[in-house]
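From just these sequences and the hints, can you work out the full model?
Here the protein sequences come in this chain order: A and B. Take any residue in the first sequence, note its place counting from 1, add 1104, and you have its number in the working numbering. Take any residue in the second sequence, note its place counting from 1, add 1104, and you have its number in the working numbering.
Keep in mind the hints are simulated off the structure, nothing from the lab. Note that the structure is predicted; figures quoted are calculated from it, not measured. It cannot be assumed that every hint is accurate.
A pair counts as met if it fits within one copy or between any two copies, since identical chains are not told apart.
Claimed, not checked - Heads up, simulated BS3-like pairs for lysine-lysine below, C-alpha to C-alpha not over 27 Å straight-line:
#, residue 1, residue 2
1, Lys-1281, Lys-1255
2, Lys-1229, Lys-1153
3, Lys-1229, Lys-1127
There are 2 protein chains.
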Amino acid sequence: MAIEYAILGLLSWRPFSGYELRKFFSESVALYWSGNSNQVYPTLVRLHKEGLVENEVRQRGNYPPSKVYSLTMAGEEALTGWVTAAPAVSQIRSTFLTQLAWADRLTSEELDSLLNHYQHELQLKLLMQRELIRRKPAEPARTSREVLLWKMIADHDCALYEAEVDWLGRLRQALVKEE
Amino acid sequence: MAIEYAILGLLSWRPFSGYELRKFFSESVALYWSGNSNQVYPTLVRLHKEGLVENEVRQRGNYPPSKVYSLTMAGEEALTGWVTAAPAVSQIRSTFLTQLAWADRLTSEELDSLLNHYQHELQLKLLMQRELIRRKPAEPARTSREVLLWKMIADHDCALYEAEVDWLGRLRQALVKEE
DNA sequence: GTAGTCATGTAAGACGTTACATGATTCT
DNA sequence: AGAATCATGTAACGTCTTACATGACTAC
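Quick look at the structure:
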């Protein structure tokens, strides 16, 4: 499970409560998880059982108490171990490709409209991603190298979306030639 | 669920048994599902209940009988409807990026080794993908346009892997400059 | 006789999602 | 008065995976 390491990573910066972790995930460009509670809270409980994190309950008057988690030594080691581990190439799973696989059922006009639609969606995603990056350079990185890494991580998705736009361009050209 | 449309799509070519569908999925480059039985058989039962497919039980002596499925008119329509529907851009989820997010814990040498490792993995994937495409142009497409579509679908993953190699190159260059 | 293929299906579990439950406080 | 935020957690469900159960036939 990768989210457990994302959590350990955030705790390596500073202590977080479950609520704060969820908020961070939901706003982060790089850490893609939605930040839903059903994933964060049980993971924290498990990490606690495994001795990788410890928590301090903070009472705030009549507020619900919050559990502020921080890394243990074992947690530090687990994080470093994972970061060093052999990286795996992630699988690409595009529903659109499955749609395209049977797009021969469509007329040339319908197919063109489908591709056009997808191109617009891609360009919209690209714009949104770039806007998110522009607005939110405020990840609390501590060294210039970490700033660079987070910048490149955010750039990664842009690079792939651009590659898809290019691919789509080649596909459309090939279709025009084919006619 | 996209696999249900992938199944409808295959059945639009010709009748398939569940076993044949699983085999097709497990060998296909474009249709990325593993072809595990727990996904294929229940889906066929559901599609049958919904009236999108019908089956004919084929008895073969003492062999286990096989259920050969084919599309109904409603199935044809459902497939066409889905192919025409608004395409969605798929989310990119790379565990490697999460690993990179806390790679500032590593020394320059360790980080370089991590990036090197990932680059090798990427290039291996690219080679494997290209080899799969070279070996297996035998998808039973019926029109030259469909041949083109399936070629571009197989090419899609290559294009993205190449983009990732480029991105990695930019990252490494930026890191060298940074030092 | 051992492994592989043909053929159906179930069990259990990893990972992710939305929606719900609860309850106080703070902002408009 | 109503909505948003702070803060925990559970329920239900969707998708996908590996592994198991069963049983006959086929090729080495």
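Going through the hints against the structure:
Proximity of Lys-1281 to Lys-1255 under the C-alpha cut-off of 27 Å is restricted to the inter-copy arrangement: shortest distance 15 Å between copies versus 39 Å within a copy. For the identical chains of this complex, Lys-1229 and Lys-1153 are neighbours neither inside a copy (40 Å) nor across copies (37 Å), given an alpha-carbon limit of 27 Å. In the homo-oligomer, the alpha carbons of Lys-1229 and Lys-1127 lie at most 27 Å apart inside one protomer (22 Å), although the nearest pairing across protomers, at 35 Å, exceeds that limit.
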